[in-house]
Every structure is written in C-alpha cells, then in structure tokens.
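Based on the provided sequences and hints, a complete structural model is requested.
Chains F and E, in that order, are what the protein sequence lines are. Heads up: the first sequence begins at 1 in the numbering used here, then just goes up one per residue. Heads up: the second sequence begins at 1 in the numbering used here, then just goes up one per residue.
For the record, the hints were derived by calculation from the structure and aren't laboratory data. Nothing here was measured: the structure is a model prediction, and the numbers come from that model. Worth double-checking, as some hints may not be accurate.
Heads up, simulated DSS-like pairs for lysine-lysine below, C-alpha to C-alpha not over 30 Å straight-line [unchecked claim]:
{"id": "1", "chain 1": "F", "residue 1": "214", "chain 2": "F", "residue 2": "95"}
{"id": "2", "chain 1": "E", "residue 1": "170", "chain 2": "F", "residue 2": "124"}
{"id": "3", "chain 1": "F", "residue 1": "124", "chain 2": "E", "residue 2": "169"}
Computed spacing ranges between beta-carbons, pair by pair [to be verified]:
{"id": "4", "chain 1": "E", "residue 1": "53", "chain 2": "F", "residue 2": "270", "range": "50 to 58 Å"}
{"id": "5", "chain 1": "E", "residue 1": "114", "chain 2": "F", "residue 2": "139", "range": "49 to 57 Å"}
{"id": "6", "chain 1": "E", "residue 1": "174", "chain 2": "F", "residue 2": "40", "range": "53 to 61 Å"}
{"id": "7", "chain 1": "F", "residue 1": "151", "chain 2": "E", "residue 2": "158", "range": "37 to 45 Å"}
{"id": "8", "chain 1": "F", "residue 1": "57", "chain 2": "E", "residue 2": "359", "range": "54 to 62 Å"}
{"id": "9", "chain 1": "F", "residue 1": "228", "chain 2": "E", "residue 2": "191", "range": "52 to 60 Å"}
Computed from the model, here is a short list of chain F residues facing chain E with C-beta under 7 Å [stated by the list, open to error]:
{"id": "10", "residue": "18"}
{"id": "11", "residue": "138"}
{"id": "12", "residue": "146"}
{"id": "13", "residue": "147"}
{"id": "14", "residue": "284"}
{"id": "15", "residue": "285"}
{"id": "16", "residue": "288"}
Beta carbons: idealized from backbone N, C-alpha and C, even for Gly.
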Amino acid sequence: MLAYIVRRLMWTPILLLSVSAIVFTLGHYGPGDPVQIQLGQQYTEERAERLRESRGLNDPVVQQYLRYVWNALQGDFGESTQFQGRDVTELLGPKLKVSAQLFLAAALITIGFGVPLGFYTALKQGSWQDPTIVSGSLVLDAMPVFLTAPFLIIIFALKLDWVSVSGWGGFFSPQIILPALVIGLPGIAIFTRIMRSSTLDVLGQDYVRTARSKGVPEHVVNYRHVARIALIPILTLIGFSLSGLLGGAFIVELIFGIPGVGRFTLDALFARDFPVIMAVALIGAASLVIANLIVDILYSIVDPRIRYQ
Amino acid sequence: MSNRGVSTQLPRTGRDLPEGVDFAQPPGVIGELIGTGGRINRLGFFARLTGATVVFVSGLLLFDASSSFSPLSSLAFVYLGFAVLFLSISIAVSAAIRRTHDIGWNGALGLLVLIPPIGFFFGLFLLYRRGPSTTNSHGRSPAGLNVGASISSIGISPISQAWQRLRRKKIAMATLSIILVIYAIGILAKPLSTHSYSQTDLLHTQEGPNSGHVLGTDRIGRDIYTRVIWGVQTTVLLTIITVGTGGIILGVTLGMVAGYFGGKTDAVIMRIGEVVAAFPGILLVILIAATLRPRIVGWTRDFEDWSNYPDWSPFGGLIESGFVDYLVVTLALLPFAWYGMMRLVRGQVLALRNADYIEAARAVGVSTPRLLFSHILPNITGTIIVTASAGMGAIAGSELILSFLGIGVQPPRPSLGFMISDVSGRGTAVVSVIQQHPEQLLAPIAVIWLLIFTWSLLGDALNDVFNPRAR
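What follows is the structure, encoded as structure tokens:
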C-alpha cells in the first residue's frame, strides 16, 4: 500500500513535467508574437529586441523551458503579457477562488441529485420509476449548455425574478444557483447510472441476503449494508468529473459573466497570453492528478478488500 | 475450427468436388457480393440487382454532391463516387455471371450485360429463364432465396447475434433510425438545401419562418434551414472522421499492441495516455485548435504551391474546400478520442491473451498480426462498437464548443456551434434572441441535442446487447 502511494507520488512530477512540456512547445511554436502583442502600437524593432533580451526570449528553447520550470517550482509562473507586468499568480488567484466555489456548488448539485436518484432507481428496479428516471437523466445529459442556460435564465431570472440574470456574488449568494445548475445538470446522468449499477451489484451479494434473512429491518440493510459499499465507484467518478466540469465552465462563465478561470483562460488564449494558459493547464493537471491519487487512497480505506500492489 | 467442419456438410454453391474432399470455403460477405463462382436463382438475381441499383443511385448522389461539397476536398468525393459506382457495377456483373452459371452456360457470357442495348435484354432473359433443378457443371441447384444464405447457415457470428437482439429493442431501433436520418441529411446537404449557405440578403434579415425561408433568416439574411443542414454535415463528417481515425484506427491498434505485448510497450503507451488524460478536459482541445491552425494553413498553402506545378493540381482549392478546418478540429479532438478506446481494448486483450484458443493458434504457428487481427479482434468488436458509439456524442459536443468559441470550423462554412454563437453573440444576448427569434437558436440546438441524446441511448442499448450479463 505504502509502496503504491510512493510510486504514484514519484510519477506525479514526471506527469506534470510532460504536461508543461507539451503546453510550452505548443505555445512556443504557436502563432503570434507575444512581444508584438504586448508592445502593440508602440512597436519598434529596438524596443522589441530589448524586451526579448530582458525576458530571455532569445535563449535556446530548452533553456527557456528549464527556467520556466525552475521558476514555477517556486510558485512564480511569470508575467502576463496581456496585462503589462502583472504576475500570473497574482492575476489567477482570485479567479481560481471564484471558479473553485462554482465547481463546488456544481459538484454538490451533481452528486446531491445523482447519487440518491441512482440508489432509488436501483431499489425500484422493474417499476415505472426506474426507466423514467434513467432516461430523464439521459435527456439532461445530452442537453447542451447553450440550451439550459437561456432557459433557466428566462424561467428563474426573467419570469419568476428570483435571481439576477448574471453576475457573481460569492458562494452564499443566490446568484450562484443558475450557473451551478447549468454546469451540474449534465453530470447527474453519469452519477445516476453508476450508482444504479453498483447498487444493483451489491443488492445481489450474499451478505445482503444474509442480513435480510436475519431479520435486519429493510432501511438498515439499504443504508448500512448496501449504500456504503455501493458508494465506492462514485469516489472514482468524482476524481474524473473534475475534468468534465471545466469544459462546462468555459461557456457558463461566458454566458453568466462570472469572473472565473474559464473566462480568463479564453481571454488569455485569444490574446496569446501563454504564461497564463500554461499556469492554468499546470494547475488543472496537478489538481486532477492529486484528486485521483486521493481517490485511490480513499478507496482502500473505505473498502478494506481492495489492496494495491 | 468446428464451424468449418459443419459448413462442408451443407449444400454449397461452389463447384462440386469429389466425395469427401470438399474443401469449398464459405464465400463470406465479399464473395456473396462480388464473387463469380457458383449459381444463384432468379430471386437472388433480382435481389442483387436491386441492391446494385441502390448503391448506384447513392454513388450518383455523391458524385453530384461533389461539385460543391464544401468540407472535404471535393476530389475525395469524386473518388468515393467512383468507388461506389464501381462497386455497384461489380455486384450486378457478378450476379449476372452466377445467373448464367445457373442456366448452364459459360460464365463469360454474363459479361454481355455490360454492353448497353444487348445487356438490358440479356438481363431480362436472365430474370426470366429458369435453371435446371439438377446439378450442372457449375454446382448444385440453388435453393430458396439464396441471398446471404451461406452466411447464416454456417453459424451465427457474435455481431449478427447482437444485431438480432438489438432488433427486438424498439427504442434502440427508433434511435438508430433517427441517427441514420440525421447522417443522411448531413451527407445529402446539397440536394436538400434550398438556398446557398453563405448568400446574404440584406433586404430580408431577421425574418420569421415564411414561404421563402422555412425557418426564416438570420441577422444578415441567410437562410437558417440551409445553414442548419450544412452545419449538420459538418458535425456528422467530423464525428465520423474523428471517431474513425482516433478511436478506431489509433485507439484499437494501440490498445491491442499494449495489451498483447505488455512490458515496456504497454508502459510507454499507457504513460503517454496518462499524460493526455491529465489535461483538464477541453483545455487541451482548445489549446491545440488555437495554436495549430496558422501552422496548418501555412503548410497547406506550401503544399498547394508545390503540387500546383506546372499548373494543374488534383489538390487545388484545398484551403477553400475547408480541409484545414477539418484537419485542425480532428487533430484537436484526437487525444480525446483515442485514450478511452485504448484503455478498454487493452483490458479486453489482456484478458484474452492467455485464452486457450489463442494459445492453440500460437502453437500452430499463426503469425502475430494474424493472431491480433483475425483471432483477437473479432472477439472485442462488441467493446469497440459500444465505445465508439459512446464517443460519437461526446465528439459532437466538443466540436460544438470549439466552433462556438470560434476556433473550430471557420465562417463562411456553417457549423452548428458557430450558428449558436452568432445569434447569441458569444453568450451575452441569448435571452433577447430566444424571446424574439427562438427558431434561430432552437433549430441548431434541437438538432445537436437530438444527435447527442440518440447516440447516448443507442450506446446504452448496444451495451446491453453486447454484454447481456452486465445490466
């Protein structure tokens, strides 16, 4: 077990190095000259040359990359080219906080609806509720963000006037509900499906039958014997769904005017602000890898039958 | 092995061989379609002619569409059209030859159908003349309908078993037909459209549905119905290309190699996959699409210049044809497409690698490529089909996001994602649009929603069909 964790921990920095190398190469050989963009109208040959020299852009690529990695290890992701001379860390910090809150709210909605629905449909297998809920969640799953967002805005913001159309007010303001719903709704289907199949698996196990035959009350069997074990695959899914959340966030932050990472990255992308993009890619990759590692470790704690080699 | 043994006992359409040494192989699908051996009866001839006609008509449609088929280089469609036409003619001629055999004549006479006036009457004669019910020099008398009979008589393959199970599911067949209709609409966009997708009409902008424009016009007077249909073509072709190249060719091959050889090969492939999977979802796709496009445009231009010497080129107009858009989006979505498929295939191959029949095949000296492709591959087809069908919806959704952000398919070429961002102005004015001109937003969204929804329903049904135990 310990050896497994150590091996995974050793693999993580290599993974992050590869990710950063890919992003660095794409940025380096990609279109647009960041120096030209930064200077804009004041562009002259000498100024550009001086700026290149001071930033070390004339050095060999490998040297530039190694310097970047060394600085990144110390928490310095360089300067944004889009906002003159401001540190990426300083710019990205507040955006990360906003997006993290949004993701948390979305994840709460996804898990809070998906897991109970999956559990319920599994217990009701064979009745009309089962296919209805499963196909209903599939309908939501296929619904593009472009459709749910305007509809939710029309219903809850314009017709019912419960929340304002767009803007950001923090985790505890009601404004977070609509964007979180839009990001979270499509994920419900996956959680419902996985929870349903894993509950069905557990329901067929011998120890559940033993518990029933002993006369353990039905609700105790369901919650103590079945639900706890059936939740294990959900853990893996939480790790993976982090990645899916980001895709929705790009568009939802645009539509709702939320100052989060997704919108910031898109702006950076169109301004060729590669230090920002690299930082986002690295932070995203690191959080994904670490989340999956934590999930794997939790796995063996929740279910002692699982042993890693 | 035992299948082959049984098949030799059944009445074959092949030439009769001495008793007890009948080595005739079942003709297989290709043999049934374009083989020239054996006999077929009148009904079989008629069925094959009908099939050839269907293939011929679709070839003509492809040929016609190629004249201004925007997305792929029009040249590709000319080639595809030729291939389809050739196939239809081969089917008809081979059927005529086998029918001539049935009458008892020399098969070469069947080639008469190729000569225009005589061929028509000879074809009618072949439809009319009954063959002898006894064995002639070309084999036994054909019995029954004789269309694909040899395939079903050998034993039922896993694929056709799955197909028969799928056919009993009403929802699955409904979703399958919806998907086929959407793909047909996409492929036949040109004959189906009523206007040009890029023609503007500033006197008739922002019109609701009327007699001239079925779904009205957009803010610069382009016909929305036409644009939706061409946008469907973009999505349809991109899903096929991406899942075909990334998922099926790349993912399956790498998965089989990783699973079968194991060791270092496996480790390298898996590690590369983990790096790709470590990227947060759509970010890598956006990054690749944004950085690669100018390079690819440059390369394509160089290639056009180079191939245009002296001044005629089969590759002319590559950039105008939209080739670059397709290449960029496909390349951007590739890392998404192959990893999942690779992991699943690898797992399956790992489980199969030490199966008895594989070991037996290895002991007899079957070569490794043959072992992989004709012994292992047929047994993991189910997994591949299920994974590919699940990937189609996801790829369609990702393409939508790319085009919405303006880094996928570029205007004037229509795509559903761009139509959505066009009416909603990158998301800000969605509400006013949906209140005044809902059809402008709903038409593209409804199509893409239907496509993703039906693909995920079909994926579920296929999963049930191929893994009947896992439910």
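Problem - Hint numbers contradicted by this structure - result: 1
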